[in-house]
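Colleague: Okay, here's what each chain looks like letter by letter:
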Amino acid sequence: MKTTKVQLSVFCIFALITACKHEEYDITKGIDTQVTLFGDEVSLPIADIGPVTPKELLGDIDLGETLGGMFKEDEEGYLVVEKEDFLYSNPVLLLYMGLQDPTQPSDIPLDDFSAAPGESLATLTGLGLTPALQEFSLYAGNPLTEKMAVSGKITFSEGLASQTFSKEAISAQADKEVFFQTAITDGEPLDSFNAEQMTLHLPANVLEKDPLGGWSSVSLGYHYKAYLALGSDFPEGLEFPVDNLNVPLGKYKVKEARIRAEVSNEIPLTLVLENVAVMTRETDEEGNEQVVVCEDVSVTSNITVSSGSSGAPAVSPIEIVIKADEGTIPDIAGLRLSLSVKAPVGVSDHRLNMNQAVSFNHVRATVYGGITL
Amino acid sequence: MKKTVLFILCFFALSSLTRAQDFRNPAQTAFLEKGFVRIGEYNSTSRNNVGASSFLFPSGDKLVTGLHASVSADAFLGGLKTLSSLYSQIDYNLVSYGWKGSRGFHTVEIGVKENSGLSVPKEVFLLLKTGTASSPYDLSAMRAFGNLYGEIAYGYSLPLSDKLSIGGRAKLLVGLNSVDVLTRKFEFSTTEQQYVLDLDADIDLTNRNKKINTDEEGYLNYASFTGKGRLGIPTGAGLALDLGLVWKPFRGFTAEASLLDLGGILWYYGNGGKSSGSYTFEGLKDLGMEELKEENIGEKLRELRDEVLGVVRPKAVNGYCKAKAIPLTAKLGASYSMPFWEPLSVNATGLYTGYRFCAPYWEARGGAEVSLPGIASFGLNAGCGSYGFVWGVRSSVNFLSFQLYASYENGVGGTIPYESIPLKANNKRLVVGLLYLIK
Chain A
1 MKTTKVQLSV FCIFALITAC KHEEYDITKG IDTQVTLFGD EVSLPIADIG PVTPKELLGD
61 IDLGETLGGM FKEDEEGYLV VEKEDFLYSN PVLLLYMGLQ DPTQPSDIPL DDFSAAPGES
121 LATLTGLGLT PALQEFSLYA GNPLTEKMAV SGKITFSEGL ASQTFSKEAI SAQADKEVFF
181 QTAITDGEPL DSFNAEQMTL HLPANVLEKD PLGGWSSVSL GYHYKAYLAL GSDFPEGLEF
241 PVDNLNVPLG KYKVKEARIR AEVSNEIPLT LVLENVAVMT RETDEEGNEQ VVVCEDVSVT
301 SNITVSSGSS GAPAVSPIEI VIKADEGTIP DIAGLRLSLS VKAPVGVSDH RLNMNQAVSF
361 NHVRATVYGG ITL
Chain B
1 MKKTVLFILC FFALSSLTRA QDFRNPAQTA FLEKGFVRIG EYNSTSRNNV GASSFLFPSG
61 DKLVTGLHAS VSADAFLGGL KTLSSLYSQI DYNLVSYGWK GSRGFHTVEI GVKENSGLSV
121 PKEVFLLLKT GTASSPYDLS AMRAFGNLYG EIAYGYSLPL SDKLSIGGRA KLLVGLNSVD
181 VLTRKFEFST TEQQYVLDLD ADIDLTNRNK KINTDEEGYL NYASFTGKGR LGIPTGAGLA
241 LDLGLVWKPF RGFTAEASLL DLGGILWYYG NGGKSSGSYT FEGLKDLGME ELKEENIGEK
301 LRELRDEVLG VVRPKAVNGY CKAKAIPLTA KLGASYSMPF WEPLSVNATG LYTGYRFCAP
361 YWEARGGAEV SLPGIASFGL NAGCGSYGFV WGVRSSVNFL SFQLYASYEN GVGGTIPYES
421 IPLKANNKRL VVGLLYLIK
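Quick mapping for you: the protein sequence lines, in order, are chains A and B. Here the numbering used here is used: the first residue of the first sequence is 1, the next is one more, and so on. Here the numbering used here is used: the first residue of the second sequence is 1, the next is one more, and so on.
By construction, these hints were calculated from the structure, which means they are not laboratory data. Each hint should be verified, as a subset may be incorrect.
[Unchecked claim] Listed below are the simulated PhoX-like cross-link pairs for lysine-lysine, each with C-alpha atoms no more than 20 Å apart in a straight line:
| # | chain 1 | residue 1 | chain 2 | residue 2 |
| --- | --- | --- | --- | --- |
| 1 | A | 29 | B | 62 |
| 2 | A | 167 | A | 153 |
| 3 | B | 185 | B | 274 |
| 4 | B | 185 | B | 315 |
| 5 | B | 331 | B | 274 |
| 6 | A | 55 | B | 315 |
Use the sequences and the hints to build the structure in full.
Modeller: Printed below as a string of structure tokens:
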């Protein structure tokens with residue numbers, strides 16, 4: 001009996017050892033192949049984006065024409081209001097015939113002239129733009145083979161000091177030689193000006209000095225150029241929709257992502273991202289798909305990009321955190337950006353230029369909580 | 001008595017209890033009076049220092065992998081080794097012939113051996129499971145290998161006295177195929193600012209059957225071969241020695257020691273390659289308006305892929321010879337027959353196997369065996385080793401002049417149902433052989 005018990009015990013032990021199968025590891029029930037990689041966090045560098053300029057963003061679109069031709073882009077890319085016109089033009093022959101003694105140098109008084117080169121600035125000021133720099137110049141055309149001179153007084157619109165010029169020489173056979181110029185940098189728009197006490201100082205024997213025998217014309221004109229900048233009364237709040245994004249984050253079950261970058265900005269404006277609403281697609285009870293704001297996802301707000309200027313960009317570090325308050329971040333159909341645009345302050349160059357670049361350097365991301373596949 | 005016989009037969013029937021004729025110690029044949037022919041012996045060994053339960057986890061009514069979100073990092077990574085490795089070896093002895101000489105005993109053996117293995121450092125799984133916070137990562141020592149070679153051996157054992165014998169076996173190794181992929185250096189640094197990859201890996205591959213072509217840049221093109229798939233010439237040759245000693249100081253007691261597979265093979269790797277270099281990724285550069293278009297971004301990503309592959313892909317190198325040792329095994333053993341009943345003996349063995357390329361293995365066992373001459377024998381043993389508790393059974397049965405023998409060794413920890421894949425670290429060995437005893 002004792003022998004039988006021993007034999008049976010040993011037999012059972014070996015039967016158990018060899019038959020130990022652990023049913024909970026039965027793979028015929030199926031293996032869930034879903035994996036969540038990088039469960040704590042995964043960081044990676046993404047890219048250096050830019051430089052990107054407004055000109056590249058707009059492509060073939062002419063911003064000035066789009067806004068009714070109120071301003072244009074000059075050859076260097078600056079946004080400007082530019083005007084040029086003749087004030088006076090008279091053939092040499094007519095001038096000669098009015099001289100008492102043509103064999104002597106003569107002074108010919110001219111009528112007063114006035115013009116309103118900056119009248120369109122009023123509309124632009126209403127849009128929130130302001131003249132950062134205004135350049136005003138007078139030029140003359142001298143067809144004679146000897147130099148002549150011009151004297152006079154310029155009186156500007158209220159707020160700007162008048163200026164005089166005396167016997168400013170005009171070179172022989174000059175086409176459009178500038179004999180007077182001034183720059184206004186205080187932002188006060190130059191609505192109008194008046195040219196008074198203008199006098200032409202002609203050389204002797206003026207007729208013989210005209211290669212066309214008197215049929216050339218002596219001319220006077222003005223050139224006005226206002227460089228635009230963002231004004232202090234530019235509308236601060238802007239809603240900027242970003243549609244048709246279609247970022248398929250939902251399937252990766254991401255909970256939180258942080259994106260960082262250094263923004264290098266040459267555009268003279270301060271941009272504040274005050275709020276970002278994440279849009280997602282939802283299907284209503286009737287089966288209609290619509291794009292709605294996703295309440296369960298929050299995005300960092302109050303991100304500021306400082307203003308810079310051409311050749312002197314301002315670098316602003318930014319950090320955007322996208323977080324799912326509940327569950328995971330869904331597929332992103334679009335964004336609604338609430339932006340605040342502020343005019344720059346300080347003495348730097350505030351002129352707007354279509355070639356001013358923005359770069360997003362060292363864009364990098366960290367995803368927290370893993371990526372599920 | 002009937003119950004005892006029935007008990008013995010049950011063991012035999014249920015657990016394939018057969019005794020392995022262990023002539024691996026070349027000194028053991030010195031005391032044989034008759035010759036033998038081994039008609040064939042199959043010997044397979046599989047070792048793994050991590051089991052399936054380190055990678056699969058029960059979750060409800062199904063299984064999930066260790067990378068599933070429901071499995072914590074501690075639970076998954078805690079079950080892995082610094083270097084998780086699998087090793088498999090199959091020895092097939094085609095035929096052996098032994099005959100008694102004037103003084104000693106001679107043996108001639110012909111066989112084929114195959115071994116393969118895989119080692120993966122834990123940091124691979126650490127990176128995948130937790131992410132980049134623990135940067136930098138040292139993924140060196142990743143290895144995958146396989147070798148196939150033939151063995152032609154001549155052995156001689158000599159009794160120095162009636163108590164002591166020595167023996168040796170010289171083996172000519174004929175290399176058939178070999179592949180060995182080793183990362184000598186694989187460092188990976190991941191930060192938000194940059195990823196840095198530093199790689200130095202060798203791909204040793206013989207070209208017995210086919211020659212792998214290269215592309216125009218010199219990289220191995222595994223989709224393009226020359227040569228037909230016939231059995232080609234050997235691609236390696238080597239020598240190995242087995243040494244043994246058996247000592248019987250007094251009646252009933254036997255002690256033995258052996259050193260097996262001391263040697264290696266000089267392989268010729270005609271399809272060798274090398275992956276070497278460093279790559280730093282700091283983000284895609286110079287993405288202007290034109291580059292941000294979808295098709296151009298795709299082009300940038302393809303360029304990035306090609307740059308990384310330029311470091312990772314193996315470049316062909318000229319054929320070269322490389323000597324590689326085969327796994328060395330050292331064994332010690334002792335047995336003592338019971339004076340009250342000589343068929344019953346107790347024994348103790350110790351084993352150590354050293355590898356260049358996998359975690360070494362050791363074990364120590366104690367057991368008992370009943371040997372009924374000319375009829376059958378069976379034995380049990382148990383002990384511990386690198387992977388914990390081990391146990392084994394062995395048996396043989398004689399019929400006419402034939403002897404069928406087998407042994408089975410395993411650990412504990414269970415297996416995946418119906419798959420016999422071990423759940424824990426394990427060493428499993430199966431030997432089956434047929435011997436013809438020359439009368």
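Colleague: With a cut-off of 20 Å on the C-alpha distance, tell me whether residue 55/A and residue 315/B pass.
Modeller: violated (46 Å)
Colleague: Below or equal to 20 Å on CA atoms is what counts here, so check residue 185/B against residue 274/B.
Modeller: holds (12 Å)
Colleague: Hinted pair, alpha-carbon criterion (20 Å max): residue 331/B, residue 274/B. Please report holds or violated.
Modeller: Since the Cα atoms of residue 331/B and residue 274/B sit roughly 38 Å apart, the hinted pair is violated (cutoff 20 Å).
Colleague: For the pair supplied as a hint, residue 167/A and residue 153/A, is the alpha-carbon distance within the 20 Å limit?
Modeller: holds (11 Å)
Colleague: Going straight from one Cα to the other, do residue 29/A and residue 62/B come out at no more than 20 Å?
Modeller: holds (6 Å)
Colleague: Please work out if residue 185/B and residue 315/B have their alpha carbons no farther apart than 20 Å.
Modeller: holds (16 Å)
Hints 5, 6, counting from the list given before, are not met by this structure.
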